[in-house]
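Chemist: Going line by line, the protein sequences match chains G and Y.
Sequential numbering from 5 applies to the first sequence in the working numbering.
Sequential numbering from 16 applies to the second sequence in the working numbering.
Take the hints with a grain of salt, since some may be wrong.
[As the list claims (entries may be wrong)] Facing chain G, from chain Y, some residues (calculated, C-beta under 8 Å):
#: 1; residue: L37
#: 2; residue: L38
#: 3; residue: L41
#: 4; residue: M183
The set of hints was computed from the structure by calculation and includes no laboratory data.
Because the structure is a prediction, the values reported are computed rather than measured.
C-beta: ideal position from N, C-alpha, C; glycine also.
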Amino acid sequence: MSVTAEELAAFADGQLDAAREAEVAALVAADPTLAEEVERHRSLKGMLAGHYAPIAEEPVPDRFAQMLAPKQEADVVSFAEAKERREERRRIPRWGWVAGPALAASLAIAVFLPRGGEEVSPYADTQLAAVLDDTLVSEQSADAETRVLLSFEDENGRYCRAFSGGEGGGIACREDAGWKLEAVGEGSEAASTDYRMAGADDGDILAKAQDMAVGGALDAAGEARAREAGWR
Amino acid sequence: MWFHPFNPWKAKTLSTSFEQDLLALLPRLRRFAAGLAGSPADGDDLCQMSLERALANREKYKPGTRLDSWMYRMMRNIWIDEGRKTTRSRQTFVAEEAGAGVGGDGAQEAAVELSNVDRAMQRLPEDQREAVLLVMVEGYAYKEAAEIVGCPVGTLNSRLVRGRDALMGMLGEAQ
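Input sequences plus hints: build the corresponding full structure.
Modeler: If you want it as structure tokens, here you go:
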């Protein structure tokens, strides 16, 4: 029985399976030439490991530590970059932050939106206006088909309210003349025979609300104060 | 229904741990890179390229698998690619270096001996050099080293033996 150079190296590195390892160990024990080769292999291994070891013991250079630093620290380092990212976030509609506080207990009310006529008033009709005037997000009940989604202030200082329902939804802002419809979802313009899932375009409405809002959605107390002041 | 909260904190935590794991591997990666590239400075350049590629391709890393194998494989692939671009200049460099260092005085002997190892490693063919480094320096099992390189275990074993024998021939007197 003989042993190849590959097997002898694998033996020296502890890479043989148990059965073959025992056989090779017996051969090495009986043959000083083989034992010397195993020793030379291990000696070279020790020499190479010792040669390269100091690199792994050095501190890691700063440039690598910086590359791998958590991203939030990089934001602080560069104001310009942070600003750019902030603006990028604003362009991407991500409305969870604006809706979060106001949606905790939303509910619905039947609302009839202006539709069908050639000349649609830019203002909410009486019934919708009543809802917008009176309903607080936190007080709605859960079983109706139209909801007030949230309220916010826009850049002109107007109070605006986003609403949604089976007939569509939109955003209305309070002016002296009434609730001006700033955005109206498809549902309100479609023929009344079209069936729409309630809330199907809530995402669009909320994204639009986020574009218009200054400072996020009003919380329950903020809404109550705004209602008390007549939304002006 | 419409409320799908985006959780930036969770995403941030995940990405931070990927970077921290890389940072923990970095001392070993620098050692491997220096061995492949031939000097600590060239090794750090290779290391930088490897980290950049790892960060750009982080979504290709499967969590739960071994990050060290993933990184060693990436680094070795970059080194092979870069080596093909610069083979000619490297050969010229090695030929000049091989003639240097003859007849140093006694005080320099230790330094000369260390650089002999570097020089001998640089003269190994790439496939033997990486096999020697992965097994004898990085301490990988043959099977793990073969997976990093992408060859059968038997092939890795024979490259290791040929590389080892060539090194022993070049470093014979030093031993």
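Chemist: Against this structure, judge whether each hint is valid.
Modeler: We went through each hint and held it up to the structure:
no.: 1; hint: L37; verdict: holds (5 Å)
no.: 2; hint: L38; verdict: holds (5 Å)
no.: 3; hint: L41; verdict: holds (5 Å)
no.: 4; hint: M183; verdict: holds (6 Å)
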